[in-house]
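Going line by line, the protein sequences match chains A and B. 19 is the number of the first residue of the first sequence in our numbering; add one for each residue after it. 257 is the number of the first residue of the second sequence in our numbering; add one for each residue after it.
Note that these hints are calculated values from the structure, not bench results. What you are looking at is a predicted structure, and each value in this text was computed from that prediction instead of being measured. From the three backbone atoms N, C-alpha and C, an ideal C-beta is built for every residue, glycine too. Some hints here could point you the wrong way.
Claimed, not checked - Quick partial rundown of chain A residues pointing at chain B, CB under 8 Å, derived from the structure:
1) G225
2) Q228
3) I229
4) E436
Stated by the list, open to error - FRET-style restraints, in silico, Cβ to Cβ:
5) E472/A to Q433/B: 37 to 43 Å
6) E473/A to A272/B: 39 to 45 Å
7) Q502/B to W165/A: 47 to 53 Å
8) N456/A to Y420/B: 50 to 56 Å
9) E421/B to L146/A: 57 to 63 Å
10) L56/A to G396/B: 35 to 41 Å
11) L152/A to R291/B: 30 to 36 Å
12) Q315/B to G394/A: 35 to 41 Å
13) F175/A to D504/B: 28 to 34 Å
14) A272/B to P464/A: 42 to 48 Å
15) H203/A to Y420/B: 58 to 64 Å
16) E473/A to D309/B: 51 to 57 Å
17) E275/B to D58/A: 41 to 47 Å
Said to hold, decoys possible - Pulled from the structure, derived: some chain B residues nowhere near chain A, Cβ distances all over 12 Å:
18) V263
19) T296
20) E366
21) E375
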Amino acid sequence: MLLQQIFFALVTIYLSYRAFNLFSRIRRNILLGEDEDLTDNAPQRWKNVFLIAFGQKKMFKRIVPAVLHFFIYAAFLATQIELLEILIDGFFGVHRFFADKIGFLYPVIISTIEILSFLAMIATVVFLIRRNVLKIDRLHKPEMKNWPTIDANLILFGELALITGIVCMNGADVCLQEVDPQNYHHTGFFAISSWMGPLLFGWMDAGFLQIVERFGWWLHIGTVLAFLNYLPISKHLHIMLAFPNTYYAKLNSRGEMTNMPSIMNEVKSMMGIGDAADAEAPPADEELPAFGSNDIFTLSWKNIMDAYTCTECGRCTSVCPANMTGKKLSPRKIMMDIRDRAEEVGANMDCGESQYIKEEVRATAKKITKENYDDGKSLFDYISKEELHACTTCNACVEACPVMINPLEPILKMRRYEILTDSAGPKDWVPMFTSIENNGAVWQLPDARDKWTEELN
Amino acid sequence: MSTEWKVPKMADLAAAGKEPEILFWVGCAGSFDARAQKVTVAFTKILNECNIDFAILGQEESCTGDPARRAGNEFVFQMTALQNIETLNMYKVKKIVTACPHCFNTLKNEYPALGGNYEVVHHTQFLQNLIDTGKLTIKGGGVFQGKKITYHDSCYIGRVNGVYEAPRKILEQLDNQLVELKRCKTNGLCCGAGGAQMFKEDEPGDKRINMERTEEILDSGATIVAANCPFCITMLQDGVTASEKQDDVMVYDLAELIVNNNGIH
Ligand code: SF4
Ligand code: SF4
């Protein structure tokens, strides 16, 4: 028993520590983005967390997956109580710590967990079928090839392992309560294992039952710890990040593109208006600053958190007008690319090799920072201009995302980089730009703007 | 009827020491595009009919900058937007109505950060308000009675600014049969013009977005499509024409429907 206790403590502490490090790495990667203050109006933010993250409000636009997903989600939340008990039991070498402390509540809680787990199991099986047999369209776009599909299936199998663990652990326990009441105290009626346990394991002797019980117990906690270490490389990370991501989602109008005060002030001083007119013009020889985003460093931290929160569900892509008409753009791919790029940069920073430091400062730099990082690559190596150019800014993706991700914002930031910093972009747009600049109209036309009034009467 | 339609200009009113209640922001499409001009005219007639104290900027109006900004050209956006804000603030404009969802969105949501604060309404909301307050009555038994009409939610009035009911209420008044498209309201499908797509060739793909939307419209069996965006109207009209259904399905702006229904000529 003591041996098991020590083993448990070592495994749990080690795997938790490892997971903690992986999560810290993700936090570091997210903070590679630019600062953006998203803390105003806390009451509204909490309301969003309750409705959209806890309440899964946006999931319910598609009722079938919403209900199935809700089973898994509810089971996940409820199982946390059982997990707490497993941890206490494991560390202190006790058995079902809560059983004699909370009286009749105990079987109620365990029964709830069991029923939800049963529903979650059905949902998991349906999800596996939807993904692998029915091949639901949005789950099989080009960006879902290889790892993303394996990832999704691994999680579903992990889910099944968790549930198997619960069934073995509780089912065998119920049987043991009959054959070895000395060590296995009566816990009251469990909604599923009280009848399923005897059905499955009733034929076993005490020794065999103990093995099954331990197997279930270890399978459960083992899967949880494995999950914890797996989340950082999985789309399943959303089970944690969905909450902060919803909290920090922008509250201002979707219609507002973030203003660029530096450009505004420059234009103001050019036009001689406002306070900017008095401000000193920047010296002419100063290097022009880069505008827009070409990499994660010039996205905001929220854009990167969005990417790490993405569940790869493809709700955004399935409603994207560009994607559905065969264009290369897929808002889900945009988010997956940002995450992949953040992972790449993070891994390079971790390895610490000086080849990832800008050449100019390589000799003097002590370590890689977000300011001196340079690997000769950028987000444009992941996201093509063709994709960026196809967006109609219709906001369908923003509306569709159940975890409040905004795929449109990075698209527009990258367009800004292309036009403002690279002076590139679709050539068709040039006449529109010049016409607005010179004639104040999107089209270059000889007519006066109010010519239509002449024909009115 | 020989009504003299009036379109006062801000500069003239200012010279006479007057400030109109509301500025009618015409927009580039409404000013220059032949099809959208018809909408501008229809809306102007309604403003006249309802004795609204309005004015336009005329030559002093510039593009709001929406397509430039969404294409990524913040410089051009700032230039035109700051110019407009100078003009609007000079005339002490407080309230603006426009028939273009893109102008509406930019004026309403983006100009404040640049120092332009106005109450901005879209003509859809404005028309509905005229009806609600009894200033405008939709005549019963009009030309649209019993016809099947559908409504296309523009992205910038619908999903972006959350206006779904006003246009539908107006359409219900026309005594017709309103059929919803499969993708409507928050799920409305874009016409394909936004984000400066209007001003360039499509990216490679299998289909134009307006055709995807047109197919849905044709499936609905409606003979009239109501819209409230000059770019949607162009896109949908192109789609209907490309499907050779231009004699069966008409694309109209809400203001045009009201003018036709009430026989304002
Ligand atoms: S905003 Fe752009 S990326 Fe998002 S759904 Fe619309 S076209 Fe697609
Ligand atoms: S961005 Fe949102 S909607 Fe799109 S795949 Fe990711 S989680 Fe799903």
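Now the hints, each set against the structure:
no.	hint	result
1	G225	violated, 59 Å
2	Q228	violated, 55 Å
3	I229	violated, 53 Å
4	E436	holds, 6 Å
5	E472/A to Q433/B: 37 to 43 Å	holds, 39 Å
6	E473/A to A272/B: 39 to 45 Å	violated, 25 Å
7	Q502/B to W165/A: 47 to 53 Å	holds, 49 Å
8	N456/A to Y420/B: 50 to 56 Å	violated, 38 Å
9	E421/B to L146/A: 57 to 63 Å	violated, 41 Å
10	L56/A to G396/B: 35 to 41 Å	violated, 51 Å
11	L152/A to R291/B: 30 to 36 Å	violated, 44 Å
12	Q315/B to G394/A: 35 to 41 Å	violated, 51 Å
13	F175/A to D504/B: 28 to 34 Å	violated, 54 Å
14	A272/B to P464/A: 42 to 48 Å	violated, 30 Å
15	H203/A to Y420/B: 58 to 64 Å	holds, 59 Å
16	E473/A to D309/B: 51 to 57 Å	violated, 23 Å
17	E275/B to D58/A: 41 to 47 Å	violated, 34 Å
18	V263	violated, 5 Å
19	T296	violated, 6 Å
20	E366	violated, 5 Å
21	E375	holds, 15 Å
Comparing the model with each earlier hint shows violations of hints 1, 2, 3, 6, 8, 9, 10, 11, 12, 13, 14, 16, 17, 18, 19, 20; every other hint is respected.
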